[in-house]
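Build out the structure end to end from the sequences listed, making use of the hints.
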Amino acid sequence: GAGVSQTPSNKVTEKGKYVELRCDPISGHTALYWYRQSLGQGPEFLIYFQGTGAADDSGLPNDRFFAVRPEGSVSTLKIQRTERGDSAVYLCASSLISLAGGTGELFFGEGSRLTVL
Amino acid sequence: AQTVTQSQPEMSVQEAETVTLSCTYDTSENNYYLFWYKQPPSRQMILVIRQEAYKQQNATENRFSVNFQKAAKSFSLKISDSQLGDTAMYFCALGTTSGTYKYIFGTGTRLKVLA
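Line by line, the protein sequences give chains A and B.
Residue numbers are given in the working numbering: position 30 of the first sequence equals residue 114, and the series is strictly consecutive.
Residue numbers are given in the working numbering: position 47 of the second sequence equals residue 48, and the series is strictly consecutive.
Treat the hints with care, since some could be wrong.
No farther apart than 30 angstroms at their CA atoms in a straight line, the calculated lysine-lysine pairs in the DSSO-like style are these [what the hints assert, rightly or not]:
1. B:K56 to A:K95
2. B:K79 to B:K56
3. A:K162 to B:K103
Examples of chain B residues toward chain A, derived with CB under 10 angstroms [claimed, not checked]:
4. V5
5. Q9
6. P10
7. Y33
8. Y34
9. Y38
10. S43
11. F69
12. M90
13. F92
14. A94
15. T98
16. Y104
17. F106
18. T108
19. G109
Label pairs and their calculated CB-CB ranges [as the list claims (entries may be wrong)]:
20. A:F150 to B:K79: 39 to 45 angstroms
21. A:L201 to B:I47: 27 to 33 angstroms
22. B:P42 to A:T91: 18 to 24 angstroms
FYI, nobody ran anything at the bench for these hints, they're computed from the structure.
Ideal Cβ positions, reconstructed from N, Cα and C, are used throughout, including at glycine.
Pasting the structure below:
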């Protein structure tokens with residue numbers, strides 16, 4: 085697609101349930117990022133992929149959160165045993181990273197709003 | 002540790018006037034990018050303007066310009082001839098070109114353009 089696509093756009097679930105959020109980045113973008121944005125706050129870094137591997141997962145809050153990118157394109161953020169505090173908008177962004185230097189611009193999707201009841 | 006600070010939670014400006022949004026940052030890296038992103042109510046973040054740290058000249062994109070003060074670690078955004086469509090949250094962000102290319106965002110400034 086032309087832009088970063090995220091599904092679902094909205095997800096309501098009950099406390100304790102398992103949730104998957106999907107991100108389809110811009111074709112050819114090697115870098116993929118997940119951020120979490122709570123109401124009235126800035127995006128909070130969760131995890132960054134370069135290709136298939138997680139280059140930096142230091143932002144994942146705990147072991148209930150996990151993300152994969154098995155073929156270096158689509159990524160899935162997985163949240164186990166959801167808690168009310170997980171409610172937020174989860175943003176995905178992709179970027180064309182070049183070691184020789186790139187634009188550095190992140191292209192964002194519209195986000196997935198997760199509500200945990 | 003890298004940090005980005007936006008000290009103005011909310012601002013307002015009259016249509017056609019000029020407004021400046023403040024941002025300060027901290028990093029030990031010498032090479033990095035600075036960005037201003039706009040997030041309208043529709044939620045999608047859109048790049049407004051980008052500055053490479055090695056460039057001394059301030060970036061300009063139409064009505065948007067920055068004042069980049071590297072020594073002071075300051076990166077303010079000036080919006081000239083404000084339009085109603087500029088109403089949005091504005092986020093300052095820092096991205097390094099070494100290590101893991103992590104991007105750090107500030108807490109944002111909510112800008113309202115008044116008719």
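Against the structure, the hints come out as follows:
no.: 1; hint: B:K56 to A:K95; verdict: 43 angstroms, violated
no.: 2; hint: B:K79 to B:K56; verdict: 18 angstroms, holds
no.: 3; hint: A:K162 to B:K103; verdict: 21 angstroms, holds
no.: 4; hint: V5; verdict: 8 angstroms, holds
no.: 5; hint: Q9; verdict: 13 angstroms, violated
no.: 6; hint: P10; verdict: 8 angstroms, holds
no.: 7; hint: Y33; verdict: 9 angstroms, holds
no.: 8; hint: Y34; verdict: 4 angstroms, holds
no.: 9; hint: Y38; verdict: 8 angstroms, holds
no.: 10; hint: S43; verdict: 7 angstroms, holds
no.: 11; hint: F69; verdict: 15 angstroms, violated
no.: 12; hint: M90; verdict: 9 angstroms, holds
no.: 13; hint: F92; verdict: 5 angstroms, holds
no.: 14; hint: A94; verdict: 8 angstroms, holds
no.: 15; hint: T98; verdict: 7 angstroms, holds
no.: 16; hint: Y104; verdict: 6 angstroms, holds
no.: 17; hint: F106; verdict: 4 angstroms, holds
no.: 18; hint: T108; verdict: 5 angstroms, holds
no.: 19; hint: G109; verdict: 5 angstroms, holds
no.: 20; hint: A:F150 to B:K79: 39 to 45 angstroms; verdict: 42 angstroms, holds
no.: 21; hint: A:L201 to B:I47: 27 to 33 angstroms; verdict: 31 angstroms, holds
no.: 22; hint: B:P42 to A:T91: 18 to 24 angstroms; verdict: 20 angstroms, holds
In this structure, the earlier hints numbered 1, 5, 11 are contradicted, and the remaining ones agree with it.
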